[in-house]
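Modelling step: build the complete structure from the supplied sequences, incorporating the hints.
Quick note, the sequences are listed as chains E and C, same order.
First residue of the first sequence: 90, per the numbering used here; consecutive thereafter.
First residue of the second sequence: 279, per the numbering used here; consecutive thereafter.
FYI, nobody ran anything at the bench for these hints, they're computed from the structure.
Note that this is a predicted model, so its numbers are computed, not measured.
It cannot be assumed that every hint is accurate.
[Unchecked claim] Straight-line alpha carbon distances no greater than 27 Å define the calculated DSSO-like cross-link-like pairs of lysine-lysine that follow: (1) E:K269 / C:K471; (2) E:K240 / E:K339; (3) C:K635 / C:K590; (4) E:K210 / C:K673; (5) C:K685 / C:K673; (6) C:K471 / E:K300; (7) C:K436 / C:K404; (8) E:K269 / E:K344; (9) C:K522 / C:K685; (10) E:K157 / E:K127; (11) C:K671 / E:K210; (12) C:K590 / E:K210; (13) E:K300 / E:K344; (14) C:K673 / C:K590.
Listed here are the chains, written in short residue letters.
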Amino acid sequence: MTFRARHLLGIEHLSPQEIVTVLDLADRYVDLNRRTVKQSDVLSGLTQINMFFENSTRTQASFELAGKRLGADVMNMSVASSSVKKGETLIDTAMTLNAMHPDLLVVRHGASGAVNLLASKVNCAVLNAGDGRHEHPTQALLDALTIRRAKGRIQRLTIAICGDIAHSRVARSNLILLGKMENRLRLIAPPTLMPSGVEDFGCELFDDMRKGLEGADVVMMLRLQKERMDGGFIPSEREYYHRFGLDAEKLSYAKPDAIVMHPGPMNRGVEIDGELADDINRSVIQEQVEMGVAVRMACMDLLARNLRAERGRAAVGLMA
Amino acid sequence: MTLHLTNARLIDPEAGSDTLGSLTVEGGVIQSMDGDAPDGATIVDCGGMCLAPGIVDIGVKIGEPGERHKESFRSAGLAAAAGGVTTMVVRPDTTPAIDTPETLEFVTRRAAEARVRIHHMAALTKGRAGHEMTEIGFLLDAGAVAFTDVFNVTNDTKALSRALVYARSLGALVIGHPQEPGLSAGAAATSGKFASLRGLPGVSAMAERIGLDRDLGLVEMTGARYHADQITTARSLPALERAKNNGLDVTAGVSIHHLTLNEIDVGDYRTFFKFTPPLRSEDDRLALVQAVADGLIDIIGSFHTPADEESKRLPFEEAASGAVGLETMLPAAMRLYHAGQIDLPGLFRALSLNPAKRLGLPQGRLSAGAPADLVLFDPDAPFLLDRSQLHSKSKNTPFDGCRMEGKVLATYVAGVQVFQG
Numbered sequence: 090m091t092f093r094a095r096h097l098l099g100i101e102h103l104s105p106q107e108i109v110t111v112l113d114l115a116d117r118y119v120d121l122n123r124r125t126v127k128q129s130d131v132l133s134g135l136t137q138i139n140m141f142f143e144n145s146t147r148t149q150a151s152f153e154l155a156g157k158r159l160g161a162d163v164m165n166m167s168v169a170s171s172s173v174k175k176g177e178t179l180i181d182t183a184m185t186l187n188a189m190h191p192d193l194l195v196v197r198h199g200a201s202g203a204v205n206l207l208a209s210k211v212n213c214a215v216l217n218a219g220d221g222r223h224e225h226p227t228q229a230l231l232d233a234l235t236i237r238r239a240k241g242r243i244q245r246l247t248i249a250i251c252g253d254i255a256h257s258r259v260a261r262s263n264l265i266l267l268g269k270m271e272n273r274l275r276l277i278a279p280p281t282l283m284p285s286g287v288e289d290f291g292c293e294l295f296d297d298m299r300k301g302l303e304g305a306d307v308v309m310m311l312r313l314q315k316e317r318m319d320g321g322f323i324p325s326e327r328e329y330y331h332r333f334g335l336d337a338e339k340l341s342y343a344k345p346d347a348i349v350m351h352p353g354p355m356n357r358g359v360e361i362d363g364e365l366a367d368d369i370n371r372s373v374i375q376e377q378v379e380m381g382v383a384v385r386m387a388c389m390d391l392l393a394r395n396l397r398a399e400r401g402r403a404a405v406g407l408m409a
Numbered sequence: 279m280t281l282h283l284t285n286a287r288l289i290d291p292e293a294g295s296d297t298l299g300s301l302t303v304e305g306g307v308i309q310s311m312d313g314d315a316p317d318g319a320t321i322v323d324c325g326g327m328c329l330a331p332g333i334v335d336i337g338v339k340i341g342e343p344g345e346r347h348k349e350s351f352r353s354a355g356l357a358a359a360a361g362g363v364t365t366m367v368v369r370p371d372t373t374p375a376i377d378t379p380e381t382l383e384f385v386t387r388r389a390a391e392a393r394v395r396i397h398h399m400a401a402l403t404k405g406r407a408g409h410e411m412t413e414i415g416f417l418l419d420a421g422a423v424a425f426t427d428v429f430n431v432t433n434d435t436k437a438l439s440r441a442l443v444y445a446r447s448l449g450a451l452v453i454g455h456p457q458e459p460g461l462s463a464g465a466a467a468t469s470g471k472f473a474s475l476r477g478l479p480g481v482s483a484m485a486e487r488i489g490l491d492r493d494l495g496l497v498e499m500t501g502a503r504y505h506a507d508q509i510t511t512a513r514s515l516p517a518l519e520r521a522k523n524n525g526l527d528v529t530a531g532v533s534i535h536h537l538t539l540n541e542i543d544v545g546d547y548r549t550f551f552k553f554t555p556p557l558r559s560e561d562d563r564l565a566l567v568q569a570v571a572d573g574l575i576d577i578i579g580s581f582h583t584p585a586d587e588e589s590k591r592l593p594f595e596e597a598a599s600g601a602v603g604l605e606t607m608l609p610a611a612m613r614l615y616h617a618g619q620i621d622l623p624g625l626f627r628a629l630s631l632n633p634a635k636r637l638g639l640p641q642g643r644l645s646a647g648a649p650a651d652l653v654l655f656d657p658d659a660p661f662l663l664d665r666s667q668l669h670s671k672s673k674n675t676p677f678d679g680c681r682m683e684g685k686v687l688a689t690y691v692a693g694v695q696v697f698q699g
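In structure tokens form, the structure reads like this:
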């Protein structure tokens, strides 16, 4: 088993072996989560603080549940509405928390790189729960686990990512992870929502959704933020749905057994047809949520092992 | 007092020569080249080290008034002397802006604390807001050498054209920041693969070209004397070349950081590498170096911008832009020399001669009658840069921990030694 990371800041820093390690362990936690008694004690005695500078219900709940199932003491800090508004800097907030000796710090922040900055100032393990447009590593890992369980592998698949790629940290983390695992990637978006320089990432670009979906094994839809629908990036919601919304007709261009994914929360009738999203034969959107808890348990378990080992070495060093 | 500097490698940017010789200084000016030591002269053996005209640095930010905790005239003067900068041409983007003769008189008085020469630039428009021109005539009388709103780019093209035509009538030099403000709004990096990977809002290199095209159009219309503060992308170079060939009174500068660093140096969101405009691609950097070597870009500046730790210890998008550069410009420029890209006379043409010429100053020359503003340096001496050793009050340098070559051994202003390395 390989997993050397001290923090989980992004997929960028993980090797393919480390990704497989997370997925294998997460598979075991899926089984645990399906039992009636879901308790484990691998994080017992450890303190986990969830610090969300941006509001989030789903991700925060998933991390909270993951920590609690592993026996950690979990605390939620809703920083979005607290001292940060009083002018305290990110670093000050981090230092204050650090003085309370947390072991695992789960952070979401609206600025790219903010979690990296914070990780450099604290001496616990930091998990990135999304930073700006940069990365959202646990989302990419849970997507990978969902794909592996549905398709039996996470290599040599044709995967189409569709929607607001420019502003999506989910897309970035997925691009990096799926690229590392040697898949064929296609990006489908109107040019206003395609990041610049993306042609150098080694993926194929499409602004015609039907062409982009041709022969795909996996179709990943992205959420279109409400504030981008006002004519600045796309002309209107209805034109977007007409050209880039996933419905049964457009999906028919993909492989017959292609799965449909969405990181949630969905805008039904904007990027995805409501009926299709609920089709249990095609949509794995509910599985993604389930895998999310398991993947987060696996990540925290692995980081806690490294943290304990590091502290053990430090203690030995002190005695010597 | 007479000073005779002998056994020096004389870097003469005017003649483009790099030869061993001696130089005699009397009364603050260079008396003669390669003459004998006069009786009673203090003789300094330079040991074969380089002696060049002191650097004239256009675009230095000093925190006075408003942000003296970041940099004062005194601390900047020490930093300049240590970096071989003998003339600082300082920016008006202070708080408040230098946009009246009264504020200009205040900073002129404060500037007496520095040990190097200081010239002041004034704002082109009131409050640097881009709408109403300042009292350009009074400000010229009070000693302003150029007019600029620094990094503020106005959308009010009409107001800019009026300011340019008014400035022309007085022969004043206007310094513009070529940038299309709509395209570059909110940008923290140059758009492309790196910005996308890091999830940073990017600006296309084209925004600079569009801004330059607009400014050059206005220069053609008004006949103003114009200097583009920083050209940082290859895309702008053909437009600049065309304007010069068409006989417009146009010059251009570039920052030492854009000549020696590229966007990849930002790495893991290192905010000391955040600049306005942002660092560019390696292709752009190489094109800029070539443009300086060819003389298309006239002037290299440090764009010394002190920032305190608090304004840099923030997420990249929120962090302050800019770096201190007075002390690191010369060793950084030596990278270009050691890479064989620009020779020493070529470098000092851009560091000393051209900026002095553009402002109508007598400095920047190594010839009889020129002010004895000199820098003696060892171009090969290696050292590890430690930012805590900088003389600036602010320590925001991108070169912290870097291996550099090129040490200043002595700096002279008007024949008086102001720094000993």
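Tested hints:
1. E:K269 / C:K471: holds, 17 Å
2. E:K240 / E:K339: holds, 21 Å
3. C:K635 / C:K590: Violated: C:K635 and C:K590 sit about 35 Å apart, past 27 Å.
4. E:K210 / C:K673: Measuring from Cα to Cα gives roughly 19 Å; hence the hint holds.
5. C:K685 / C:K673: holds, 18 Å
6. C:K471 / E:K300: With Cα atoms ~24 Å apart, C:K471 and E:K300 stay inside 27 Å; holds.
7. C:K436 / C:K404: The hint holds at about 15 Å.
8. E:K269 / E:K344: Satisfied, since the Cα-Cα distance of roughly 23 Å is no more than 27 Å.
9. C:K522 / C:K685: violated, 35 Å
10. E:K157 / E:K127: Distance of about 10 Å is within 27 Å: holds.
11. C:K671 / E:K210: Holds, at about 24 Å.
12. C:K590 / E:K210: holds, 14 Å
13. E:K300 / E:K344: holds, 12 Å
14. C:K673 / C:K590: Roughly 11 Å between the alpha carbons, so the hint for C:K673 and C:K590 holds.
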